[in-house]
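Input sequences plus hints: build the corresponding full structure.
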Amino acid sequence: FTAQAPEIEKVEEDFITNLLSKFVMNVTALNSYLDCPLGFYYKNLIRIPAGKSESLVFGSAIHYGVEQLFKKMQDRKEEKFAPVEEMIADFNWYMKRHRENFTKEAFDRRMEYGDEVLRNYYNKYINSWNKVVAVERNIRGVVVNGVPIKGKLDKLEFDGKNVNVVDYKSGDIDKAMPKLKPPHEKDPNGGDYWRQAVFYKILVDNYGQKDWTV
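The sequence shown begins at 56 in the numbering used here and counts up by one.
Rather than coming from a laboratory, the hints here were simulated on the basis of the structure.
Accuracy of the hints is not assured; some may be wrong.
Unchecked claim - Computed beta-carbon distance windows for the label pairs:
1. N147 <-> P238: 39 to 47 Å
2. D214 <-> S108: 34 to 42 Å
3. Y180 <-> D130: 17 to 25 Å
4. P138 <-> P243: 42 to 50 Å
5. T268 <-> K159: 44 to 52 Å
Said to hold, decoys possible - Pairs of lysine-lysine, DSSO-like flavour, derived with a Cα cap of 30 Å:
6. K234 <-> K205
7. K216 <-> K205
8. K159 <-> K205
9. K107 <-> K132
10. K210 <-> K135
11. K256 <-> K216
12. K126 <-> K224
13. K127 <-> K216
14. K186 <-> K132
Note that the structure is predicted; figures quoted are calculated from it, not measured.
Where is the CB? At the ideal position from N, CA and C, for every residue including glycine.
So this is what it looks like as structure tokens:
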């Protein structure tokens, strides 16, 4: 009656070794492994397809709306942000495109909530946002202590060579706060968001193509 964790058969070692030879670490995979090594094996190595949750799709829609706001600002000659209604329209488009992931009630509720939070976010920061940015920046080809790492960063804000890395989060703030804490006795690896921030700093600091300070 002793509880035992499931184990991968030893015969799969050669198969796993081949997968790992091509593997490049990213922060999602790192967090997945620390949460559950077996889950990491299926999700990040075998890559078994999984359904998208309502919260995940909603977060992606919020992300898409903000991403498009900055991309369109960069495309305009005068570097001016579009009206908030345009950002809301991009959010709505993404939500409707992934309508199948929601029940009718959840879809209506998320649409209303997304409209509210995006308007509040826009109105609070529209006059203070840094316009010297890189959006959705893929960084690859970085090796740290023999480990290849990569990442896709939501936004980089520049002040000369000084860089502020921005990652969008759309979840419950009360649940998010513990994830921002550095390592402590109960969680020696630190919270997921703290670890993500450190991972991105390591990634950008070791990005040989640019001389940026994070």
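Exercise for the section: Take the C-alpha atoms of K126 and K224, compute the straight-line distance between them, and say whether it is at most 30 Å. Expected result: holds, 19 Å
Would you say the C-beta atoms of D214 and S108 sit inside 34 to 42 Å of each other? holds, 37 Å
Can the suggested window of 42 to 50 Å be confirmed for the beta-carbon pair P138 and P243?
Once the Cβ atoms are compared, 47 Å apart, the range 42 to 50 Å for P243 and P138 holds.
Is it true that the CA of K234 sits at most 30 Å from the CA of K205?
holds, 21 Å
request  = Sort out whether K205 lies within 30 Å of K216, counting only the CA atoms.
outcome  = holds, 20 Å
C-beta pair T268, K159: status relative to the range 44 to 52 Å that was hinted:
Given about 49 Å between the Cβ atoms, the range holds.
>> Hinted pair, alpha-carbon criterion (30 Å max): K127, K216. Please report holds or violated.
In response: Distance of about 24 Å is within 30 Å: holds.
Q. Is the Cα-Cα distance between K107 and K132 30 Å or less?
A. Distance of about 38 Å is beyond 30 Å: violated.
Pair hint K256 and K216, alpha-carbon separation not exceeding 30 Å = holds, 14 Å
Verdict for N147, P238 (Cβ pair) under range 39 to 47 Å:
Holds - the Cβ-Cβ distance for N147 and P238, about 40 Å, lies within 39 to 47 Å.
Within 30 Å, alpha carbon to alpha carbon, are K210 and K135?
holds, 17 Å
Straight-line alpha-carbon gap K159 to K205, limit 30 Å: violated, 38 Å
The structure is inconsistent with the numbered hints 8 and 9, although it conforms to all the rest.
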